[in-house]
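Top to bottom, those sequences are chains A and B.
For the first sequence, the numbering used here gives the first residue as 1, with consecutive numbering after it.
For the second sequence, the numbering used here gives the first residue as 1001, with consecutive numbering after it.
Careful, some of the hints might be misleading.
[Claimed, not checked] Covered stretches of chain B (in silico footprint by chain A; criterion: 3 or more residues with CB under 8 Å from a CB of chain A, positions within the stretch not fixed):
hint, segment
1, 1091 to 1102
2, 1179 to 1191
3, 1194 to 1202
Since the hints were made in silico from the structure, they are not lab data.
All C-beta atoms, glycine included, are put in the ideal place defined by N, C-alpha and C.
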Amino acid sequence: MSFKDQLHSGKFALTAELQPPKGTDPSEVYGYAERWGGRVDAILIPDLQNGIMRLGSLSTCALLKQKGIEVICNLSCANRNRLALQSELLNAAALGLKNLLLFQGDPPSMGDHFDAHPVFDLDVMGLLGAAKCLREGYDLAGNDLKGKPVFFVGTQVNGAAQGPQLDLELTNMEKKIHEGADFFLAGSIYDPGLFENFMKKAAHFKVPVIVGITLLKSVGMARYINKHVEGASIPDAIIDRLLRAPDKQNVSIEIARDLIADVKPLCQGIQIIPLGWENLVIPLLDRIGR
Amino acid sequence: MIVAERKPLDEIKEMIKTFKKVLNVGCGGCTSICFTGGQREVGQLNEDLENALKQEGKMLRPDGFTIERQCNGDFYPELDEIANDYDAILSMACGAGVQFLADRYPSKPVFPALNTTFVGIDRDIGWFEENCRTCRECVLGETAGICPITRCAKSLFNGPCGGTSRDGKCEVSKDTPCAWFEIFKRLKEQNRLENILKIKPAREWRNQTRGTMVHEDYQERYAK
């Protein structure tokens, strides 16, 4: 069953994020993807996440697709202008990649080429609009296409937003749906209460929301996220569990398992974000019975 | 106002050190107002250059001359009379002034002493803030007088990126208010939130071609 059919049928979806290599050697990616393939519904390949230069999402997705793995191709506005973005969307379609996750993207100043010029020619609304145009058979300049691409388009939402930001997030969510968003990925959620509050207000959109669950590696990482990653809110109880645990990897899996159990009734899918602990994805799948 | 800052002294020194007679031209316009390129700063730079070059065993002190505005030919006649006496000219105007000067004296090497930084406002004496990117498509009417091109790190025009902190700051810099948070707050106070409910189409970034504008009252005068 395709990822799209999975979400449309209302069957709970499970995806995992896998970084492309920094270089051309895909062996590690193949290894993880093959091990995860039968147990997750799709693998998301990020596009220059955090402004770190890597092999692209598109080619990594194409390689994995050849091996029969369902993939979600990621594209962001940070480093390409509207010509390159539209062309990349057509590239994806030509290679048979239908699942897309379209992001605003991270500014290069966050990454390893911090002097690079950020593009942001289109914002995420513009990128969604571009995908919508292409699906309808024309480009952003109004020119007809020979052959329409078929996409299943997702985009990001901050599922931990509160107060005025929550109002803003919901306004933007509505606009994103208008521009063709078929599903949403709610970043990393660490506080199910905040996400529950978000879903109370977002559920009426009736667009599937997938929740990102990040494997927390240490107290330091948790505190860093709380301090530096906007929208992230890791409760003290989780930090305490990390602090007290002798086996950090085991408690990381347990925290993820518990978070998944808490948010599962509220959302339509989960995305596991291993952030370097890809070897823990299988043990986590074991714990959640997948 | 255009805001500029002086280049590092070593950089300016390297540009002029091979010339025998150098004229440093100040500007009484924007760069004077931001305390970077007026008469006083011309004198200070000339003294700094003389001292720095002396340490290298070179005797060179640029002469100084400040005109009202380097970006307007009407203020040049007095400078025209002396410019030919120099091997090179240093300009303490913004990038526009430097180019105007260089076009005026095409046989003279012209060097910028300043880095033009932004179009901004005076927050207080000597404290300037960028507020305009001269994008040629002003949206301030819709965004409650807050420029999302200048004040959003990603120059977004359809709402925030998701990186707004709980206290309304930008993910790129904790000291910078999120432009979209501010826009939302002010529009809400003004009961004009409908302004940002509609999707703003992709902007026409027109700054790839050189801007030229003839005021409508003067169209006839310059008609070809």
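Per-stretch coverage check for the segment 1179 to 1191 of chain B, three Cβ contacts closer than 8 Å to chain A:
Satisfied; 5 residues make the cut.
Quick check: the segment 1194 to 1202 of chain B, covered by chain A? Criterion 3+ residues, Cβ under 8 Å.
holds (count 6)
Are there at least three residues in the segment 1091 to 1102 of chain B whose beta carbon sits under 8 Å from a beta carbon of chain A?
violated (count 0)
Comparing the model with each numbered hint stated earlier shows that hint 1 is the single one that does not hold.
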